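Student: Line by line, the protein sequences give chains A and B.
Counting in our numbering, the first sequence runs from 1 upward without gaps.
Counting in our numbering, the second sequence runs from 1 upward without gaps.
You may find that some hints are simply not true.
As the list claims (entries may be wrong) - Partner residues aside, some chain B positions facing chain A, computed with beta carbon under 8 Å:
(1) Gln33
(2) Leu46
(3) Tyr48
Hint data in this document are derived by calculation from the structure and do not stem from the laboratory.
The structure displayed is predicted, hence computed values, not measured ones.
Note that beta-carbon positions come from the ideal geometry of N, C-alpha and C, so glycine has one too.
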Amino acid sequence: NAGVTQTPKFRVLKTGQSMTLLCAQDMNHEYMYWYRQDPGMGLRLIHYSVGEGTTAKGEVPDGYNVSRLKKQNFLLGLESAAPSQTSVYFCATQRAGSNQPQHFGDGTRLSIL
Amino acid sequence: GIQVEQSPPDLILQEGANSTLRCNFSDSVNNLQWFHQNPWGQLINLFYIPSGTKQNGRLSATTVATERYSLLYISSSQTTDSGVYFCAVAQSNFGNEKLTFGTGTRLTIIP
Numbered sequence: 001n002a003g004v005t006q007t008p009k010f011r012v013l014k015t016g017q018s019m020t021l022l023c024a025q026d027m028n029h030e031y032m033y034w035y036r037q038d039p040g041m042g043l044r045l046i047h048y049s050v051g052e053g054t055t056a057k058g059e060v061p062d063g064y065n066v067s068r069l070k071k072q073n074f075l076l077g078l079e080s081a082a083p084s085q086t087s088v089y090f091c092a093t094q095r096a097g098s099n100q101p102q103h104f105g106d107g108t109r110l111s112i113l
Numbered sequence: 001g002i003q004v005e006q007s008p009p010d011l012i013l014q015e016g017a018n019s020t021l022r023c024n025f026s027d028s029v030n031n032l033q034w035f036h037q038n039p040w041g042q043l044i045n046l047f048y049i050p051s052g053t054k055q056n057g058r059l060s061a062t063t064v065a066t067e068r069y070s071l072l073y074i075s076s077s078q079t080t081d082s083g084v085y086f087c088a089v090a091q092s093n094f095g096n097e098k099l100t101f102g103t104g105t106r107l108t109i110i111p
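Required output: the full structure, derived from the provided sequences and hints.
Tutor: Structure below.
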């Protein structure tokens with residue numbers, strides 16, 4: 001998945017700790033998305049951004065915050081991690097306009113103990 | 001919101017066999033993508049196919065938008081085809097294309 005880089009790839013946290021996941025893209029895409037994937041399920045949208053300085057809530061936004069200070073970066077923050085947030089997190093990007101597919105990073109596997 | 005159903009949920013095949021995976025969706029869509037999630041968890045883009053037919057090697061896909069379904073065909077299966085196949089759809093054509101994913105078809109190819 002060249003072009004969309006997620007950092008870190010793996011992380012273990014204790015309940016109550018905070019952390020930030022970084023998504024960086026070099027494709028100059030306008031739209032960026034954060035999804036989570038739980039066992040046996042498809043991906044669900046957490047937050048998304050249609051441009052620098054703008055963010056919006058998705059399907060499952062509670063417990064997360066995001067920021068898009070630069071066009072190429074989309075940050076996902078957990079202020080006080082909970083075991084229910086144990087999941088695999090995927091970032092995606094998309095070029096603005098019609099008929100554009102989303103491109104996904106390799107995911108971040110996060111475990112909250 | 002839009003519902004996406006994939007069938008079958010699980011499929012076990014011998015190497016060399018052909019398979020057809022189905023994706024039904026409950027409303028009109030402007031975006032439909034098929035993904036392969038490999039055993040390492042990576043999501044691989046297979047097709048962007050809101051309508052029509054596309055082919056890429058042993059894989060092809062057809063979406064009949066008016067009847068709200070899409071099919072993914074895999075011919076001459078190989079063990080590297082194993083993994084989970086997801087269909088995802090979106091209803092907006094200009095950004096905010098929040099993809100709604102199905103629960104996937106788990107394909108296992110036996111040597």
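Student: Work down the list of hints and note, for each, if the structure agrees.
Tutor: For each hint, the structure was consulted:
The criterion of a C-beta within 8 Å of any C-beta in chain A is met by glutamine 33/B, whose closest approach is roughly 6 Å, and the hint holds. The beta carbon of leucine 46/B is not positioned within 8 Å of any beta carbon in chain A (closest approach about 10 Å), and the interface hint is therefore violated. A distance limit of 8 Å between C-beta atoms decides the matter here; for tyrosine 48/B the minimum to chain A is near 4 Å, and the interface restraint holds.
In this structure, only the earlier hint numbered 2 is contradicted, and the remaining ones agree with it.
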